[in-house]
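Peer 1: Sequence:
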Amino acid sequence: MKITLLTVGKTDVRWVKEGLDLYVSRLSHYIPFTLTEIPELKNVSSLSKEQIKDKEGESILKTLKPTDEVILLDERGKELRSMEFAGMIGDRLNRGGRDMVFIVGGAYGFNDAVYRRADSMLSLSKMTFSHQMVRTIFAEQLYRAFTIIKGEPYHHE
1 MKITLLTVGK
11 TDVRWVKEGL
21 DLYVSRLSHY
31 IPFTLTEIPE
41 LKNVSSLSKE
51 QIKDKEGESI
61 LKTLKPTDEV
71 ILLDERGKEL
81 RSMEFAGMIG
91 DRLNRGGRDM
101 VFIVGGAYGF
111 NDAVYRRADS
121 MLSLSKMTFS
131 HQMVRTIFAE
141 QLYRAFTIIK
151 GEPYHHE
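Position 147 of the sequence shown, counting from 1, maps to 147 under my numbering, and the rest follow consecutively.
The set of hints was computed from the structure by calculation and includes no laboratory data. Be careful, since some hints might not be right.
[To be verified] DSSO-like, lysine-lysine: derived pairs with alpha carbons at most 27 Å apart:
#	residue 1	residue 2
1	Lys62	Lys42
2	Lys65	Lys55
3	Lys126	Lys78
4	Lys42	Lys55
5	Lys55	Lys10
6	Lys49	Lys150
7	Lys150	Lys78
8	Lys150	Lys62
9	Lys10	Lys42
10	Lys17	Lys2
11	Lys78	Lys42
12	Lys42	Lys2
13	Lys65	Lys42
14	Lys49	Lys126
15	Lys65	Lys78
16	Lys2	Lys62
17	Lys49	Lys62
18	Lys62	Lys78
19	Lys49	Lys2
20	Lys17	Lys62
21	Lys78	Lys2
22	Lys2	Lys65
23	Lys10	Lys126
24	Lys55	Lys78
25	Lys55	Lys150
26	Lys10	Lys49
27	Lys17	Lys55
Using the sequences and the accompanying hints, generate a full structural model.
Peer 2: Take a look at the structure:
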């Protein structure tokens, strides 16, 4: 099993990228982890929000394998405490099988086709974060989950 964080657009805010790189490197000690960035659309000023979501959705769906377990990082998703998230990841590791793909959409979210393809949705907070910051926040939480699973002294509860 491997885990992928699939994002729309590259991480171009320097301090966000530095944090993301830190946790991506830490995750490599626990599981095969990949960060995949779908290029942001160009010349979108003439497109509606729905058209942008549709085009991004097409790119997202082309990237996925039929066997992937797809989890959208979405404000309407289920909120989990860090311990619960670690439990979810641990359960999936114990079952083995499907690769997990967590997806961060573009600025306008996901289209209906991506929602239909998703196996579940996860919310990182009731607050809204920039789609760039979500990458680092998620990577840190995934790293935290693995330290919890391994009984390492990173998480304090």
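Peer 1: All hints are to be evaluated individually against the structure, with a verdict given for each.
Peer 2: Cross-check of the supplied hints:
For the given pair, Lys62 sits about 18 Å from Lys42 by alpha-carbon distance, which is consistent with the 27 Å threshold. With a CA separation close to 18 Å, the supplied pair Lys65 and Lys55 stays within the 27 Å bound. For a cut-off of 27 Å, the pair hint linking Lys126 to Lys78 stands: about 10 Å separates their Cα positions. Restraint check: the Cα-Cα separation between Lys42 and Lys55 comes to about 11 Å, which is no more than 27 Å; the hinted pair holds.
Distance check on the hinted pair: Lys55 and Lys10 sit about 16 Å apart at the alpha-carbon level, within 27 Å; holds. Taking the CA atoms of Lys49 and Lys150, the gap is about 43 Å. The hint is violated against a cut of 27 Å. A hinted pair counts as satisfied when its Cα atoms are at most 27 Å apart, and Lys150 with Lys78 qualifies at roughly 24 Å. Straight-line distance between C-alpha atoms of Lys150 and Lys62 comes to about 34 Å, which puts the hinted pair past the 27 Å bound.
Taking the CA atoms of Lys10 and Lys42, the gap is about 13 Å. The hint holds against a cut of 27 Å. This hinted pair checks out: Lys17 and Lys2 have alpha carbons roughly 22 Å apart, not beyond 27 Å. Between Lys78 and Lys42, the direct Cα distance comes to roughly 32 Å. Violation of the 27 Å bound is thereby established for this hinted pair. With a C-alpha separation of about 31 Å, the suggested pairing of Lys42 with Lys2 is violated against the 27 Å cut-off.
Distance restraint check for Lys65 and Lys42: the Cα-Cα separation of roughly 25 Å lies within the 27 Å cut-off, and the hinted pair is therefore satisfied. Distance restraint check for Lys49 and Lys126: the Cα-Cα separation of roughly 23 Å lies within the 27 Å cut-off, and the hinted pair is therefore satisfied. At most 27 Å may separate the alpha-carbon atoms for a hinted pair to count; Lys65 and Lys78 meet this at roughly 24 Å. The straight-line distance between the Cα atoms of Lys2 and Lys62 is roughly 18 Å, inside the 27 Å bound, and the hint therefore holds.
Of the pairs offered as hints, the one joining Lys49 and Lys62 holds, with about 20 Å between alpha carbons and a cut-off of 27 Å not exceeded. The suggested pairing of Lys62 with Lys78 holds, with an alpha-carbon distance near 25 Å, which does not exceed 27 Å. The hinted pair formed by Lys49 and Lys2 fails the criterion: a straight-line CA distance of about 32 Å is larger than 27 Å. The hinted pair formed by Lys17 and Lys62 meets the criterion: a straight-line CA distance of about 25 Å does not exceed 27 Å.
About 22 Å separates the Cα atoms of Lys78 and Lys2, which keeps this hinted pair within 27 Å; it holds. With a CA separation close to 13 Å, the supplied pair Lys2 and Lys65 stays within the 27 Å bound. Restraint check for Lys10 and Lys126: satisfied, since their Cα atoms lie roughly 24 Å apart, inside the 27 Å limit. For the suggested pair Lys55 and Lys78, the alpha carbons sit about 26 Å apart, so the restraint of at most 27 Å is met.
Between Lys55 and Lys150 the alpha-carbon distance is near 40 Å, which puts this suggested pair outside the 27 Å criterion. Taken as a hint, the Lys10 and Lys49 pair is honoured in the structure, with Cα atoms around 19 Å apart against an allowance of 27 Å. Restraint check for Lys17 and Lys55: the C-alpha separation of about 25 Å stays at or below 27 Å, so the hint holds.
Of the numbered hints given earlier, the model fails hints 6, 8, 11, 12, 19, 25; all others are met.
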